[in-house]
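Chemist: In this text, residue positions in the sequence shown follow full-length UniProt numbering: the first is 1, and each later residue adds one.
No lab work stands behind these hints: they were computed from the structure.
Listed next, the in silico EDC-like pairs over lysine to aspartate or glutamate satisfying Cα-Cα at most 20 Å (straight line):
| id | residue 1 | residue 2 |
| --- | --- | --- |
| 1 | Lys280 | Asp290 |
| 2 | Lys297 | Asp220 |
| 3 | Lys127 | Asp290 |
| 4 | Lys243 | Asp156 |
| 5 | Lys283 | Glu230 |
| 6 | Lys198 | Glu134 |
| 7 | Lys189 | Glu164 |
| 8 | Lys189 | Asp207 |
| 9 | Lys127 | Asp207 |
| 10 | Lys189 | Glu302 |
| 11 | Lys280 | Glu292 |
| 12 | Lys280 | Asp268 |
Have a look at the derived ranges for each label pair, beta carbon to beta carbon:
| id | residue 1 | residue 2 | range |
| --- | --- | --- | --- |
| 13 | Asn135 | Thr246 | 40 to 48 Å |
| 14 | Ser287 | Asn172 | 33 to 41 Å |
| 15 | Arg216 | Ser97 | 46 to 54 Å |
| 16 | Asn266 | Ile240 | 26 to 34 Å |
| 17 | Glu248 | Val152 | 24 to 32 Å |
| 18 | Gly154 | Arg83 | 48 to 56 Å |
Ideal placement from N, C-alpha and C gives every residue a C-beta, glycine not left out.
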Amino acid sequence: MLVRRFCLTFARSEIYPFLNPPKFRNFQPTHLTIPRISSQNPPKLAFQGRSSVTHRFISSDSQMGDARRPASVPIPDINKADRAELLCALESALGSSFSSDPLVPPPTPLIIVISGPSGVGKDAVIKRLREVRENIHFVVTATTRPMRPGEVHGRDYYFVSKQEFLSMVEKNELLEHALVYGDYKGIPKQQIREFMAKGCDIVLRVDIQGAATLRRILGDSAVFIFVVAESEYAMVNRLIGRKTETPEMLLVRIATAREEIKHVSNFDYVVVNAEGQLEKAVKLVESIIDAEKAKVKQRRVEI
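Let the sequences and hints guide you as you build the complete structure.
Modeler: Next comes the structure, spelled out in structure tokens:
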């Protein structure tokens with residue numbers, strides 16, 4: 001039995017030598033050479049020495065390093081030295097005096113275009129804004145329409161004849177003009193130039209047609225505010241309450257207002273002037289002006 005098992009094992013190793021691979025101790029291929037790495041002469045890696053490698057270190061002699069390391073000037077104890085002495089020492093250490101000039105330039109004057117359909121209370125908003133807002137000029141529009149009760153020439157409008165108005169158009173004295181409900185209306189340029197030179201913001205009250213023209217002329221350099229009533233019912237009630245239009249004119253104004261509301265997307269802001277909430281509407285207009293003047297990128301316009 002033992003003889004038979006020995007013969008089978010010997011025969012298998014002779015016929016199939018790969019089934020019994022030889023065992024070696026500490027075997028290393030003779031064709032490979034593993035170098036010994038010395039701590040004194042480390043190998044240079046492939047990526048070392050390339051010019052594309054960016055070192056994110058700031059040298060001590062760089063400009064940023066100098067800015068972070070002011071000159072060695074003794075600074076007095078903040079709890080013992082008076083303010084003038086401390087400021088003087090800080091200026092000496094930094095190598096420059098502290099400026100009292102504003103850190104950012106003052107905001108540029110704005111042109112605010114206020115528009116909306118008839119009967120939404122545009123004039124009421126502008127009148128109240130005139131009372132509560134300083135450093136703002138409300139451009140007086142020239143018009144050929146008759147003066148209404150309570151209106152004052154030069155305050156509400158410049159009431160001129162048709163011939164005078166057309167003469168202003170020929171002389172290019174108007175920024176914008178249009179024929180509205182049979183009457184001419186236009187914005188004198190000189191008022192805008194004069195008060196913007198004084199640093200005043202400018203408010204223009206125009207109809208929807210005039211706002212569209214100003215948008216083409218001024219683009220995004222002006223702020224466009226659309227004033228609306230809280231509902232169509234409220235708007236019609238205000239038109240009736242004015243008692244300045246005939247029934248036929250009322251129908252025309254209401255139909256026109258329905259079309260004008262569709263152009264709200266051409267404006268930057270919408271202000272709802274609800275019945276009995278005039279103060280809320282005016283404060284919203286003021287907030288819009290304040291937000292625009294706080295922008296980093298100011299709107300700039302030349303007339």
